[in-house]
Amino acid sequence: MASWQWFHRLGSPKWFYEKTTRWTQVIGWLALAMLSVGIVWGLGFAPEELKQGNSYRIIYIHVPAAAVAMAGYYVMALSGAIGLIWRMKLSYMVMKCAAPIGAALTFAALFTGAVWGKPTWGDYWVWDARITSMLILFFLYLGVMALQEAYQNQEAADKTCAILSLVGMVNIPIIYKSVDWWFTLHQPATLKLTEKSSIAPEMAYPLILMIFAVYMFFAWLLLTKVRVEILHREVKTQWVKDIVMGAK
Amino acid sequence: MIVAFRHKGELANPLIFFLMVVVFIPLGISPEKAVLTVLAPGMIWVIALLATLLSLDGLFRSDFDDGSLEQMLLSPQPLPWLVLTKIVAHWLMTGIPLMLLTPLLGTMLYLPAEGYLPLMISLLIGTGSMSLIGSIGAALTVGLRKGGLILSLVVMPLYVPVLIFGASAVNEAVQGFAYTGQIAILGAMFVSALVLAPFAVAGALRISVNT
Amino acid sequence: MLQLNGFTCIRDGEPLFVPVDTVINAGDVVQIAGPNGAGKTTLLRSLCGLFDSCEGEILWQGKPIMRAKHEFLAQLLYLGHHPGVKKSLTARENLEWFAGVNGEACALDVESVLAKVGLDGYADIHCHQMSAGQHRRVGLARLHFDASPLWILDEPFTAIDKQGVERLEAKIQEHAAMGGTVILTTHQALSFSHYRTIDLIKYTEAFDGVTHV
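Sequence lines, in order, name chains A, B and C.
The letter at position 95 of the first sequence is residue 95 when you use my numbering, and the numbering goes up by one with no holes.
The letter at position 23 of the second sequence is residue 23 when you use my numbering, and the numbering goes up by one with no holes.
The letter at position 2 of the third sequence is residue 2 when you use my numbering, and the numbering goes up by one with no holes.
These are calculated hints, taken from the structure and not from any lab test.
Mixed in with the good hints there might be a few duds.
[Unchecked claim] Not close to chain B: a few residues of chain A, all C-beta gaps over 12 Å, as computed:
#1 Phe-111
#2 Asn-171
#3 Ile-172
#4 Tyr-176
#5 Lys-177
#6 Tyr-205
#7 Leu-221
[Claimed, not checked] Distance condition first, Cα-Cα at most 27 Å in a straight line; then the derived BS3-like pairs of lysine-lysine:
#8 Lys-171/C to Lys-241/A
#9 Lys-241/A to Lys-14/A
#10 Lys-202/C to Lys-87/C
#11 Lys-87/C to Lys-171/C
#12 Lys-146/B to Lys-87/C
#13 Lys-202/C to Lys-89/A
#14 Lys-19/A to Lys-89/A
#15 Lys-87/C to Lys-89/A
#16 Lys-202/C to Lys-236/A
#17 Lys-162/C to Lys-116/C
No residue lacks a Cβ here, since even glycine has one placed at the ideal position from N, Cα and C.
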């Protein structure tokens, strides 16, 4: 039986699962350490901003979340492409798991943006180019998740989502450019604060650290979710049974 | 070689929808000319977009149900080409009639006279892009029992650029500016969708049938 | 001409039936049998390339079907569970559609083709006015004008009356005698004797082997 090809295909998630056991822990602790240092540094020690006072400190969450939310879409779409081209089950799992994390980060960026917007611009919601683009990115994520949920057949769900995220990826630059253009057309005069004047280094270092920290956090979350997904999908195979039995 | 795919369809339904929503606007907002004039270009575009969305679900649905989609996949003719003929048929049945209906709606919403030509040109090209992009969504969801709502979720974000440039072409024209730039961009989007979408649709249909 | 090497279909990570090894030659009539859920329809769909979650290989004239797709599809006629007959079109329009999609030269004489399946005079009747059996016959009419040598028919006898069954069996025999190949699923035994049966055995973990036919 071992000579059957489909067993080899199943072999790869197992290999991934075993290899990442250590890595997940390392990345998890690293993410935690960087996050705590970054947050304490950013919220506690970085200097106050002249115009906005302390409220600007929300960028230490807002900017990293937004950056990684964007990157997350590319992770999702590229792993979908890999899945379509090389028929790798594992990369479909990565794609599936990246979607809700990316959506959550996008939401975090939108939410913190709204909270920040109230004291800065006087409104929770402003039709700013970046905010609008973020909102559309959020919708793109939701579309992929809805499609994934709608299919009962896992294979069909994986492949259709892969195509959808690829189509989305091709469209993202177009959407962003057009939203930018739309915004310059309608730009109200009050929004000068979005153009950040050159940021002081004391403020920038914790921000850079936070961006890396959120990337790490994303990687950790993705790995953890993929590992759970592997167990879930491979539940019929012997090695998963062994792990579950061993854990008891 | 191209056979008339569907002689009878729900040709009128998106149009009636289009018309009815337009009636809702003055009822819901205000029948004043000053208000409606401002809203008209964007509103007509948004409603045209929704009407296209509604009609998309049926694009491959009946073919999927009665087995003709399988036959298309098994045809020795290249699938993207067959798909393209279906999309063109869809556009002729929804996009073009929507466009032809706009002068009537423009009158009802007091669209300024300078707006008619850009509105019709932008809708002509824009509905083409929307049929093309939307057919990807239709192909992805054709295997689902209740694909309609998900289809809209999936496709709507992708319509953003078309909407922005389409509506702004009309707005610019109404304000007396040149609108050829927007039309050119709409045209570029249409051409790239024309080149890429049939392949995406063909791939998506193969997957949808493969269950 | 069609060769299956250790072929089985995979669903949810498990094979549906015990892998099949067989060679199907020109002039063969092959019946795929097996219990419900053993994957008969799935096998037929895989043979056409509509289902690709498979193990093993299918060779057409010595080449994998995906590799020789164009030549393969040009020689294939597939009639599925749903015959692809549109209810909103007339019988004539449906047949013209088939001819168009399959790229046949359009020397299609609709009346005589329909007469061969017992539907004379129905050419301009809308298919939604027809009974289930008549509906299927419109699909079967394709067998009478399509020149493809390989026929793959999924349950072709469903909803067809006795006379229609006889006619279809005669057509199948005639096709095989002219060097064509027919692969079909059906639960009833065929009335002629020159055919063989591939019995799909439902896959279970305990079984380890291959069905050689």
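Okay, the hints, checked on the actual structure:
1. Residue placement check: Phe-111/A keeps its beta carbon more than 12 Å from all beta carbons of chain B (closest about 19 Å).
2. For Asn-171/A, the non-interface assignment is contradicted: its Cβ lies about 5 Å from the closest Cβ of chain B, within the 12 Å cut-off.
3. A Cβ of chain B approaches the Cβ of Ile-172/A within 12 Å, the least distance being about 10 Å, so the stated non-interface status is violated.
4. Tyr-176/A, annotated as away from the interface, has a beta carbon of chain B within 12 Å; the closest lies near 9 Å.
5. Not every CB of chain B lies more than 12 Å from the CB of Lys-177/A, the least distance being 8 Å, so the non-interface label is violated.
6. For Tyr-205/A, the condition that its CB be more than 12 Å from all CB atoms of chain B holds, with the nearest at approximately 36 Å.
7. Interface exclusion of Leu-221/A from chain B stands, the closest Cβ pair being 24 Å apart, more than 12 Å.
8. Straight-line distance between C-alpha atoms of Lys-171/C and Lys-241/A comes to about 53 Å, which puts the hinted pair past the 27 Å bound.
9. The suggested pairing of Lys-241/A with Lys-14/A holds, with an alpha-carbon distance near 12 Å, which does not exceed 27 Å.
10. For the proposed pair Lys-202/C and Lys-87/C, the alpha carbon gap of about 36 Å is over 27 Å, so the pair is violated.
11. As the CA atoms of Lys-87/C and Lys-171/C are separated by approximately 25 Å, the hinted pair is consistent with the 27 Å bound.
12. Between the alpha carbons of Lys-146/B and Lys-87/C the distance comes to roughly 21 Å, so the proposed pair stays at or under 27 Å and holds.
13. Under the criterion of a C-alpha separation no larger than 27 Å, the hint pairing Lys-202/C with Lys-89/A is consistent with the structure, at around 25 Å.
14. The hinted pair formed by Lys-19/A and Lys-89/A meets the criterion: a straight-line CA distance of about 17 Å does not exceed 27 Å.
15. As the CA atoms of Lys-87/C and Lys-89/A are separated by approximately 40 Å, the hinted pair breaks the 27 Å bound.
16. A threshold of 27 Å between alpha carbons decides the hint, and for Lys-202/C with Lys-236/A the separation of about 18 Å falls inside it, so the pair holds.
17. Between the alpha carbons of Lys-162/C and Lys-116/C the distance comes to roughly 15 Å, so the proposed pair stays at or under 27 Å and holds.
Figure legend: structure checked against the earlier numbered hints; hints not met, in rising order: 2, 3, 4, 5, 8, 10, 15.
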